[in-house]
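Could you build all of it, start to finish, from the sequences and the hints given here?
The residues making up each chain are set out below.
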Amino acid sequence: MAEARKSMIKFKPKKFKVGDTIKVDFIVIHPMETGTKKDKKSGKIKPAHFIDNITFSLDGKPFTTMKVWETVSTNPYFSVNLKVPGKGKITVDYTDNTGEKNSKSKKLKPKG
Amino acid sequence: MKRRNFIKSFCAASAVAATMTPSALLAKEAPKGGNLLSYDAAVSAITGGKAVTDSAKVSLTVPEIAENGAVVPVKVNIESPMTDADHVKAIHVLSTKNGNARCADVMLTPLNGKGYFATRIKLNGTQDVVALVEMSDGSFLRAAKPVKVTIGGCG
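Residue numbers (my numbering), protein chains in the order written: chain A, 4 to 115; chain B, 74 to 228.
Read the hints as simulated data drawn from the structure, not as lab findings.
Quick caveat: nothing in here was measured; it's all calculated off a predicted structure.
Result set (SDA-like, lysine to any residue): computed pairs, CA atoms no more than 20 angstroms apart in a straight line:
no. : chain 1 : residue 1 : chain 2 : residue 2
1   : A       : 70        : B       : 117
2   : A       : 70        : B       : 112
3   : A       : 109       : A       : 58
4   : B       : 170       : B       : 221
5   : A       : 15        : B       : 193
6   : A       : 15        : A       : 30
7   : B       : 170       : A       : 36
8   : A       : 70        : B       : 191
9   : A       : 40        : B       : 144
10  : A       : 18        : A       : 94
11  : B       : 148       : A       : 68
12  : A       : 9         : B       : 193
This is the structure in structure tokens:
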């Protein structure tokens, strides 16, 4: 397995209650190479390298799945909403077109 | 478009159209197809030939002028109660002139609470950004907005 990429999950707003609808932001450091750029040094075309599948899940139950193409920017950012049903753990799994797999999780702690 | 790419995308689109039944569309899976799809091919791969209506329910937020085509923020909001019976099933973000028209297919569930998705995409020139939304009753809604790009983001 390739080394873990830097990634981050953010909840907006930071403080929320059960039943609130919050934003779940996911950011990952990834080149998202399109496969059309030339390497300036070697003159060869850089192979495509991009994230293609992302799954947002709550306690192992997926609530949003995404299929993504190389047209998404470098170091991509994805934001979806979630209606907080209670305590749990948000996990984001993602794979890229080279078969690299990674995941990131964060605890969901509603107050009140 | 180059001949080879055109044939490839055409084959992919027709293959998708042939294999995709309405029940396959209802399944919670992204539409398949080749990697280099033109806008029209991508739309037909997603909708399977169904009618698409422009709707005020879908609000698409993009910058009018993007100085850097490599980072164009896109925000999609859909008015929907998000109940089990009536919710947003999928949001497709497309561009009209990129080599690959498709940017992201987002499959939502009622747990999301709101029909919302935001990301950042690359645009290789001035063109329209389109949000194609599939509702749970199988209808397709659309919103499009032009974006002026000063420096393309794909070269």
